[in-house]
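S.K.: Residue numbers (our numbering), protein chains in the order written: chain A, 149 to 520; chain B, 52 to 429.
You may find that some hints are simply not true.
As the list claims (entries may be wrong) - With a cut-off of at most 16 Å between alpha-carbon atoms, the simulated EDC-like pairs for lysine to aspartate or glutamate come out as follows: (1) A:Lys350 - A:Asp278; (2) A:Lys226 - B:Glu124; (3) B:Lys250 - B:Asp170; (4) A:Lys323 - A:Asp366; (5) B:Lys342 - A:Glu406; (6) A:Lys395 - A:Glu163.
Derived from the structure by calculation, the hints contain no laboratory data.
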Amino acid sequence: MKDVIGLVNCFPDPELGGLTSNRTLASTSFLGRYAFMDVAMSNFSNSGIDNIGVMVKNHQRSILKHMGNMSSWVNNTKTGKVTILTNENGVLYPAYNTDLNALKENDYILYNSQASALVFASPHIVATVDYGPILDEHWARDESVTVLYKKVNDADTNFLGGYCFEVSPDGYVEKVTINKGKSKTANVSLESWIMNRVVLAKIVEESKKHDLGMTIGDYLRYAVKNKTMKIHAYEYHGYLRNFNSLKNYIRYSFELLEPNVASTLFRSDWPIFTLTHNTPPALYGPHSSITNSFVSNGCQIDGSVSNSVICRNVVVGEGSKLNRCIVLSGVRIGENVKLSDVVIDKYAIITPRHTIEGDEENPIYLKQGAIL
Amino acid sequence: MANKMVAMILAGGKGTRLKALTAKAAKPAVFYGGKYRIIDFPLSNCANSGIRNVGVLTQYESSELNQYVGNGEKWGLNGVRSSATVLSPKQTEEGSSWYRGTADAIYENLDWLERMNPDYVLILSGDHIYSCTYNEMLEKHIKSKADCTISVYPVAWEEASRFGILVTDKDDQIMNFQEKPKKPISNLASMGIYIFSYKVLVDYLKADAKEESDHDFGKNIIPNMMADHRKMVAYTYHGYWRDVGTISSLHAANMDLLDNKEKGTNLYSMFAGNQILSEDPHSAPQYIGPKATIEDSLINQGAQVYGAVIHSVISGDTRIEEGARCVNAVVMPGAVLQKGAVVQNAIIGPDTLIAENQIVNGENDDIALVVNRKAARL
Numbered sequence: 149m150k151d152v153i154g155l156v157n158c159f160p161d162p163e164l165g166g167l168t169s170n171r172t173l174a175s176t177s178f179l180g181r182y183a184f185m186d187v188a189m190s191n192f193s194n195s196g197i198d199n200i201g202v203m204v205k206n207h208q209r210s211i212l213k214h215m216g217n218m219s220s221w222v223n224n225t226k227t228g229k230v231t232i233l234t235n236e237n238g239v240l241y242p243a244y245n246t247d248l249n250a251l252k253e254n255d256y257i258l259y260n261s262q263a264s265a266l267v268f269a270s271p272h273i274v275a276t277v278d279y280g281p282i283l284d285e286h287w288a289r290d291e292s293v294t295v296l297y298k299k300v301n302d303a304d305t306n307f308l309g310g311y312c313f314e315v316s317p318d319g320y321v322e323k324v325t326i327n328k329g330k331s332k333t334a335n336v337s338l339e340s341w342i343m344n345r346v347v348l349a350k351i352v353e354e355s356k357k358h359d360l361g362m363t364i365g366d367y368l369r370y371a372v373k374n375k376t377m378k379i380h381a382y383e384y385h386g387y388l389r390n391f392n393s394l395k396n397y398i399r400y401s402f403e404l405l406e407p408n409v410a411s412t413l414f415r416s417d418w419p420i421f422t423l424t425h426n427t428p429p430a431l432y433g434p435h436s437s438i439t440n441s442f443v444s445n446g447c448q449i450d451g452s453v454s455n456s457v458i459c460r461n462v463v464v465g466e467g468s469k470l471n472r473c474i475v476l477s478g479v480r481i482g483e484n485v486k487l488s489d490v491v492i493d494k495y496a497i498i499t500p501r502h503t504i505e506g507d508e509e510n511p512i513y514l515k516q517g518a519i520l
Numbered sequence: 052m053a054n055k056m057v058a059m060i061l062a063g064g065k066g067t068r069l070k071a072l073t074a075k076a077a078k079p080a081v082f083y084g085g086k087y088r089i090i091d092f093p094l095s096n097c098a099n100s101g102i103r104n105v106g107v108l109t110q111y112e113s114s115e116l117n118q119y120v121g122n123g124e125k126w127g128l129n130g131v132r133s134s135a136t137v138l139s140p141k142q143t144e145e146g147s148s149w150y151r152g153t154a155d156a157i158y159e160n161l162d163w164l165e166r167m168n169p170d171y172v173l174i175l176s177g178d179h180i181y182s183c184t185y186n187e188m189l190e191k192h193i194k195s196k197a198d199c200t201i202s203v204y205p206v207a208w209e210e211a212s213r214f215g216i217l218v219t220d221k222d223d224q225i226m227n228f229q230e231k232p233k234k235p236i237s238n239l240a241s242m243g244i245y246i247f248s249y250k251v252l253v254d255y256l257k258a259d260a261k262e263e264s265d266h267d268f269g270k271n272i273i274p275n276m277m278a279d280h281r282k283m284v285a286y287t288y289h290g291y292w293r294d295v296g297t298i299s300s301l302h303a304a305n306m307d308l309l310d311n312k313e314k315g316t317n318l319y320s321m322f323a324g325n326q327i328l329s330e331d332p333h334s335a336p337q338y339i340g341p342k343a344t345i346e347d348s349l350i351n352q353g354a355q356v357y358g359a360v361i362h363s364v365i366s367g368d369t370r371i372e373e374g375a376r377c378v379n380a381v382v383m384p385g386a387v388l389q390k391g392a393v394v395q396n397a398i399i400g401p402d403t404l405i406a407e408n409q410i411v412n413g414e415n416d417d418i419a420l421v422v423n424r425k426a427a428r429l
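Work out the full structure: start from the sequences and follow the hints.
M.R.: See the structure below:
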């Protein structure tokens, strides 16, 4: 799809507690071997969108580290490309560090391209979206903006704080609300939209006259409220979770341990691409015991692990017991350690015989590089 | 090491004794260690040695292997000054023929070597499992002003008669070469790894091409050089090295990853620049189910284990269903063990289906092999 640019919008960037203290959500570890941005990037790549821009709000160190030589997500390494779009002024003026200003800073992608449409996706919303049919419908109906939503019936407990739409019978957004959990059913926004290039260029131009702290989402909500623009709503079916807090990060990571849920995210025709590290397969010792867990390559496990997510290159010593833990890469856990409901950030070291127990409501977070 | 030394990997062999595993694939393409193909080892060794240009000579069932080698990207050989080139038999002005032997394979690609214009040529086998760099061997070759340096491996005396055996003097100069001797007088086996000074190699290959011979390094080129009193030096390799010619030796080499951690290829002691590089098939994370039992095993990304895995090596994209049991076994990519299946002392080939309650039971000295492609359709 040569005339489409995919944009990974890292600006919404909800916080995941300590996990996002020195990285963005986009580059935060997801299920042991991914970063959240991989899902959005792979949706583009699987949809044939090979021109990808990553709109970076902050912590670009972490994003650049994850992107490596940037070729892990493109179908053709010459005609395809991944570009980093940073808002350099935004670093100095955080209040103005918005996605709209980032596009202003990088408006060459609007004027220097033949793309007819741009597709925006937010890394904290995890879904498997094939943009092909959505773009077809967008063009067939001659729309200027199409937003994605899913009809859910668990909005009372999930997607709290996220955007919802009221949709008219002819498929246009009538009202944008915030989900406060009052009703089970809702049309939940994927915070992903398709926008014609000329429309976006106009918004960027126009926004120069208005509030400089405005986001593209703000603009669209304003347009719906004041009926200045018709916004088409496209109904998505498939896996959808909003990883917008540490609590949800833990909850939805563990939810994916359920094979019926995992199979809706991991489809053989829809791989999730990521930067790879050439780590050997996971090695389990003679006294290890593992149940209901994701374990990544490079791990050496001699203890017992249950209901957990273990990232790359983690060592679990003999006699140690982990339950309901998320352990990020490079963590070393000594012998006879007991951990339950703990999230351990990268490279932490837990020396032998420690016991750390949180509970489901109050999980404990151990920061990157901590030594206990 | 600009173009000082290029490597040529002989990867055209069938590996007949690997039976059904090599019915549709060349031996270097055979899976090993849950994640790798055998050819990952020599190719990673080249990359880790800083060798930039590698030719891979393929012939038997070459398409899968050619595709796998590709442009060498999996081993980082696609940089501005590096390349991997698949060299398969070709048609020329003189006609066309298959490679008639290991030496002929190199001879037929002298044009590639000429374009590379190296000082030294490293000849490797594509089907050996070992992790090393070739820099020390090259240093020795240069220091001793050798025409050819052969890597040797001390084998048990009782096994020496199965190998090409080299007899050396105190300066490691090769005095004698015996191909599979009945009464070996040395236990230094040739590993089939040679460094040649480029010009010398070209001369001997051209001369050999005109002769009626097996066109083989071990049988022709090396003996001819010995007869001419060329300077031949042995380089003794002390690490882990396996030529997995049979089903049981392939099985044993996999088990070495579990049992032989100190002596074997310790995949976990390796840091960047010294890793075994391979392909990443973009499979889902490895999932271990609620009722699984895992002991003493190596399991790759993309495996789903619901049953019992004990002392086994499990590749990616496999599924071991509930109640299935896998003991002392090697399960290759894409294989499925359905409910209640039992696999013991066995190798289960790629995409192979072991049906519900099916029992595959090899003996310790007679490893069972099952290869069917039935799981590819699931």
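S.K.: The structure should be examined with respect to each hint, and the outcome stated for every one.
M.R.: Now the hints, each set against the structure:
Distance restraint check for lysine 350 of chain A and aspartate 278 of chain A: the Cα-Cα separation of roughly 27 Å exceeds the 16 Å cut-off, and the hinted pair is therefore not satisfied. Straight-line distance between C-alpha atoms of lysine 226 of chain A and glutamate 124 of chain B comes to about 14 Å, which keeps the hinted pair within the 16 Å bound. For the given pair, lysine 250 of chain B sits about 8 Å from aspartate 170 of chain B by alpha-carbon distance, which is consistent with the 16 Å threshold. Among the hinted pairs, lysine 323 of chain A with aspartate 366 of chain A is consistent with the structure: their alpha-carbon atoms are about 13 Å apart, no more than 16 Å.
Straight-line distance between C-alpha atoms of lysine 342 of chain B and glutamate 406 of chain A comes to about 13 Å, which keeps the hinted pair within the 16 Å bound. For the hint pairing lysine 395 of chain A with glutamate 163 of chain A, the CA-to-CA distance comes to about 10 Å; that is within 16 Å, so the pair holds.
Of the numbered hints stated above, the single one contradicted by the structure is hint 1.
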